[in-house]
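Sequence lines, in order, name chains Z and V.
Per my numbering, the first sequence starts with residue 1, numbered consecutively.
Per my numbering, the second sequence starts with residue 1, numbered consecutively.
It is possible that some hints are incorrect.
[What the hints assert, rightly or not] With a straight-line cut-off of 25 Å between C-alpha atoms, the simulated BS3-like cross-links for lysine-lysine are:
{"id": "1", "chain 1": "Z", "residue 1": "Lys-36", "chain 2": "V", "residue 2": "Lys-36"}
{"id": "2", "chain 1": "V", "residue 1": "Lys-60", "chain 2": "V", "residue 2": "Lys-412"}
{"id": "3", "chain 1": "Z", "residue 1": "Lys-31", "chain 2": "V", "residue 2": "Lys-115"}
{"id": "4", "chain 1": "Z", "residue 1": "Lys-36", "chain 2": "Z", "residue 2": "Lys-100"}
{"id": "5", "chain 1": "V", "residue 1": "Lys-412", "chain 2": "V", "residue 2": "Lys-115"}
{"id": "6", "chain 1": "Z", "residue 1": "Lys-100", "chain 2": "V", "residue 2": "Lys-60"}
{"id": "7", "chain 1": "V", "residue 1": "Lys-60", "chain 2": "Z", "residue 2": "Lys-36"}
{"id": "8", "chain 1": "Z", "residue 1": "Lys-31", "chain 2": "V", "residue 2": "Lys-412"}
{"id": "9", "chain 1": "V", "residue 1": "Lys-179", "chain 2": "Z", "residue 2": "Lys-31"}
{"id": "10", "chain 1": "V", "residue 1": "Lys-115", "chain 2": "V", "residue 2": "Lys-105"}
{"id": "11", "chain 1": "Z", "residue 1": "Lys-36", "chain 2": "V", "residue 2": "Lys-105"}
{"id": "12", "chain 1": "V", "residue 1": "Lys-36", "chain 2": "V", "residue 2": "Lys-122"}
{"id": "13", "chain 1": "V", "residue 1": "Lys-105", "chain 2": "V", "residue 2": "Lys-92"}
{"id": "14", "chain 1": "Z", "residue 1": "Lys-31", "chain 2": "V", "residue 2": "Lys-105"}
{"id": "15", "chain 1": "V", "residue 1": "Lys-92", "chain 2": "Z", "residue 2": "Lys-132"}
{"id": "16", "chain 1": "Z", "residue 1": "Lys-36", "chain 2": "V", "residue 2": "Lys-412"}
{"id": "17", "chain 1": "V", "residue 1": "Lys-92", "chain 2": "V", "residue 2": "Lys-36"}
[Claimed, not checked] What follows is a list of derived Cβ distance ranges for each label pair:
{"id": "18", "chain 1": "V", "residue 1": "Val-133", "chain 2": "Z", "residue 2": "Ile-24", "range": "39 to 47 Å"}
{"id": "19", "chain 1": "V", "residue 1": "Ile-50", "chain 2": "Z", "residue 2": "His-116", "range": "43 to 51 Å"}
{"id": "20", "chain 1": "Z", "residue 1": "Val-114", "chain 2": "V", "residue 2": "Ser-20", "range": "35 to 43 Å"}
{"id": "21", "chain 1": "V", "residue 1": "Leu-109", "chain 2": "Z", "residue 2": "Gly-90", "range": "19 to 27 Å"}
{"id": "22", "chain 1": "V", "residue 1": "Lys-237", "chain 2": "Z", "residue 2": "Gly-51", "range": "31 to 39 Å"}
{"id": "23", "chain 1": "V", "residue 1": "Leu-91", "chain 2": "Z", "residue 2": "His-116", "range": "53 to 61 Å"}
Everything labelled a hint here was simulated from the structure, so no lab data went into it.
As the structure is a computational prediction, the values presented were derived from the model and not from experiment.
Positions of the beta carbon are idealized from the N, C-alpha and C atoms, including for glycine.
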Amino acid sequence: MNSMNLILCAVAATALDLCTLILIITAYREKRSATKNWDWVANSMELAEQGMTYDLGCDEILIGRHASADIRLPDLSVSRYHAMLTVSNGRWTITDIGSKSGVFVNGNLVHEAVLHENDIIKLGNRRLVFRKRRDERVR
Amino acid sequence: MYANPVAYIFSCIFVLLAHSSMLVNIYFNGNYTDIKEVIVLGTAVLILDIVYFVVMLFFKQISYAVDFLLILILNMSVIFQSCFGGVGFNLKHYITCIAALVACKAGFLFCRNHKWIQEQKKLIYAAIGCLMVIILLFTGSRSMWINFSSFSIQPSEFIKPLFVLACATSVMDQQRRHKILFVNVVYENIALLGLTGAIVLLQWWCRDLGSLPTFMGIYACGFLLRICYPKAKFSKKKLIFAGALLLVVAVIGIRFAPEYVQHRLHVDIWNDKNGDGWQQAQALIGIANGGWFGVGPGKGYLHNIFAYDCDIVFSTICEEWGLLYGLMMVCVILIMIAIPLINPPRSYFHGTMSAGVCAAFVVQMALNIFGSCNLIPFTGVTIPFISTGGSSMVVSGLMIGMLMACQSPVFKEPKNKKKLKPVPAWRWTE
Chain Z
1 MNSMNLILCA VAATALDLCT LILIITAYRE KRSATKNWDW VANSMELAEQ
51 GMTYDLGCDE ILIGRHASAD IRLPDLSVSR YHAMLTVSNG RWTITDIGSK
101 SGVFVNGNLV HEAVLHENDI IKLGNRRLVF RKRRDERVR
Chain V
1 MYANPVAYIF SCIFVLLAHS SMLVNIYFNG NYTDIKEVIV LGTAVLILDI
51 VYFVVMLFFK QISYAVDFLL ILILNMSVIF QSCFGGVGFN LKHYITCIAA
101 LVACKAGFLF CRNHKWIQEQ KKLIYAAIGC LMVIILLFTG SRSMWINFSS
151 FSIQPSEFIK PLFVLACATS VMDQQRRHKI LFVNVVYENI ALLGLTGAIV
201 LLQWWCRDLG SLPTFMGIYA CGFLLRICYP KAKFSKKKLI FAGALLLVVA
251 VIGIRFAPEY VQHRLHVDIW NDKNGDGWQQ AQALIGIANG GWFGVGPGKG
301 YLHNIFAYDC DIVFSTICEE WGLLYGLMMV CVILIMIAIP LINPPRSYFH
351 GTMSAGVCAA FVVQMALNIF GSCNLIPFTG VTIPFISTGG SSMVVSGLMI
401 GMLMACQSPV FKEPKNKKKL KPVPAWRWTE
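Please build the complete structure, drawing on both the sequences and the hints.
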C-alpha cells in the first residue's frame with residue numbers, strides 16, 4: 001500500500017470519526033430540547049412534602065414504601081405500592097393501585113383523580129402537595 | 001421545524017463529508033474499470049443523503065440524532081456493498097436501504113404514542129400468531145424462507161419487532177397483579193412466557209437456530225425489566241435467579257442441539273479449513289490480509305467466498321477498508337442504539353422497548369462479528385443495515401423507528417380509551 005492510499009484511508013476514517021463526534025454532540029444538544037418538551041408536557045409540576053420535593057421526571061410515577069418505587073415514602077402507613085401518578089394531554093392523574101389505607105385528594109377518598117395545582121394528597125400518614133416547580137433561587 | 005438549526009446544518013455537512021471522503025477513497029484507491037461506476041455510486045449516495053435530510057424535517061420530532069446516524073450507516077452500507085469484488089453500483093441494496101428508511105418512519109409513527117400501542121397488545125400477539133402460522137404452513141421444517149418468483153422473504157424476521165413490542169411493558173401493567181394460590185402474578189407475563197416458548201419451538205422446528213439467541217436476548221431484557229424496576233435498583237436475588245435460569249437453558253440447549261450444531265461447536269477451523277472451517281478460516285485470513293487500512297475498495301478476494309455480503313460481511317469490509325474502518329462502522333451502530341442513554345425515554349414502556357431493540361441489535365452484531373472471528377460458532381445471522389437481505393433491512397429500519405419514537409414520544413390518551421370501572425369506595429372517608 002503506497003503512502004497516498006494510506007493517507008486517503010486515514011482521511012476517510014478521520015471524517016467518519018468527526019461525523020460521529022458531531023452527531024453525539026447533536027444528541028446532547030437535543031437533550032435540552034427534550035427536557036423543555038417534557039416540562040411543557042408535565043406542566044413543570046412537582047410533589048412536595050415538608051422539607052422534601054420530588055421531581056416528576058417520567059410519565060408513570062410509582063409512589064410507595066418499596067425500595068423500587070420512584071417516590072419512596074418509608075412509612076408503615078403507606079403500602080409498598082400505594083399509588084401511581086400518570087400524565088397525558090398535559091394533565092396529571094393519581095390512581096390508587098390497591099393500597100390498604102387509600103388515596104385522599106383534598107380530603108376526599110378517590111380511586112382515580114385528576115390533580116390540580118396545590119392539591120393536597122394524603123397517602124397513609126404522609127401529606128404531599130402537588131405544586132408548580134420552584135426555582136432553587138426563589139426558595 | 002427543527003429546534004436546533006445549527007446542529008442540523010453541522011450534522012448534514014459532516015454526514016456528507018464522511019460519505020464524500022469514502023467516495024474520494026474509492027476514486028483514488030478503488031478497483032474499477034469505468035469511472036462512470038464511481039460517478040453513479042457517488043451521485044446515488046449523495047442524492048439519498050440530501051433527500052433524507054429534507055424529508056426528515058417533515059416529521060415533527062424532538063430529536064434527529066438517530067436519523068443522522070441511520071442515514072450515515074445506510075449509505076456507508078451502500079458504498080461497502082457496491083465495492084465488493086470491484087466497484088459497481090448495487091441497485092438492489094440501494095432499494096432495500098430506501099425500504100429500510102420508509103420502514104423506519106413507519107415504525108416511528110406507529111410507536112410514538114405508547115398508550116395507543118399498549119391498547120393494541122392483543123393485536124400484536126395476534127400478528128405474531130399469524131406470522132407463526134405462515135411459517136408453519138409455508139416455509140417447511142428445514143427452511144426459513146418463503147420463495148416467490150424472483151425474491152424471497154424471511155417471515156421470522158418480522159416477528160422480531162412485534163416481539164419487542166410484546167416484551168415492552170408499563171409500570172401500571174406490572175401492577176395489575178392477580179393472586180393464584182399464594183403467588184401474585186401478572187397475566188401478561190405468563191402470556192409472554194408462553195409466546196416465547198412457542199417462538200423457541202418454532203425456530204427449532206425451522207432449524208433457524210441462529211435467530212434463537214436474538215429472541216432470547218429480547219426476552220431476557222423484557223423479563224428482567226418486568227421483574228425489577230431499575231429506577232431504584234435491581235434485586236440481587238432476582239438477578240441471580242435469572243442468571244441461573246439462563247445458564248440452565250443454555251446447557252440444555254447445547255446438550256440437545258442437533259448434530260450439525262454440536263459439530264460446529266467443536267470444529268477446529270484450521271484442521272478442517274477445506275471443509276466445515278472453510279468460511280471462517282477465509283474470513284480470518286481476509287481480516288489479516290486487510291490489516292489496519294485495508295487492501296482498497298474492491299481489491300479483496302473474499303467476494304469469492306459464499307455469503308461474503310451477509311454472513312461474513314464484517315471480514316469482507318475489514319479486508320477492503322481495513323480493521324480500523326470495520327470497527328468504526330460497528331461503533332456507529334452501537335452509538336445509534338446507545339442514544340437512549342444520552343436522552344433517556346420518559347416512559348417505562350418506551351424504556352423497555354428501547355432495551356429490547358438494543359438487545360436484538362447487540363446480539364445480532366455479536367453473533368455475526370464473533371462468528372467471523374471464530375470466537376463463537378458460525379450462526380449466519382446478519383449485521384443490521386450492513387448485510388444484504390430485504391427482510392433483515394426492513395425489520396432493522398422498523399426497529400430503529402421504534403428507537404426514534406422513544407426519543408420523540410407523544411403523551412396523549414387515545415381518543416377511544418376504555419373507561420375502567422370505578423372501584424367502590426368501601427373504605428372510610430376522612
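Cross-check of the supplied hints:
no., hint, result
1, Lys-36(Z) <-> Lys-36(V), "49 Å, violated"
2, Lys-60(V) <-> Lys-412(V), "15 Å, holds"
3, Lys-31(Z) <-> Lys-115(V), "23 Å, holds"
4, Lys-36(Z) <-> Lys-100(Z), "37 Å, violated"
5, Lys-412(V) <-> Lys-115(V), "7 Å, holds"
6, Lys-100(Z) <-> Lys-60(V), "44 Å, violated"
7, Lys-60(V) <-> Lys-36(Z), "15 Å, holds"
8, Lys-31(Z) <-> Lys-412(V), "21 Å, holds"
9, Lys-179(V) <-> Lys-31(Z), "42 Å, violated"
10, Lys-115(V) <-> Lys-105(V), "19 Å, holds"
11, Lys-36(Z) <-> Lys-105(V), "24 Å, holds"
12, Lys-36(V) <-> Lys-122(V), "52 Å, violated"
13, Lys-105(V) <-> Lys-92(V), "20 Å, holds"
14, Lys-31(Z) <-> Lys-105(V), "21 Å, holds"
15, Lys-92(V) <-> Lys-132(Z), "55 Å, violated"
16, Lys-36(Z) <-> Lys-412(V), "17 Å, holds"
17, Lys-92(V) <-> Lys-36(V), "18 Å, holds"
18, Val-133(V) <-> Ile-24(Z): 39 to 47 Å, "44 Å, holds"
19, Ile-50(V) <-> His-116(Z): 43 to 51 Å, "49 Å, holds"
20, Val-114(Z) <-> Ser-20(V): 35 to 43 Å, "54 Å, violated"
21, Leu-109(V) <-> Gly-90(Z): 19 to 27 Å, "21 Å, holds"
22, Lys-237(V) <-> Gly-51(Z): 31 to 39 Å, "34 Å, holds"
23, Leu-91(V) <-> His-116(Z): 53 to 61 Å, "60 Å, holds"
Checked against the numbered hints given earlier, the structure breaks hints 1, 4, 6, 9, 12, 15, 20 and satisfies all the rest.
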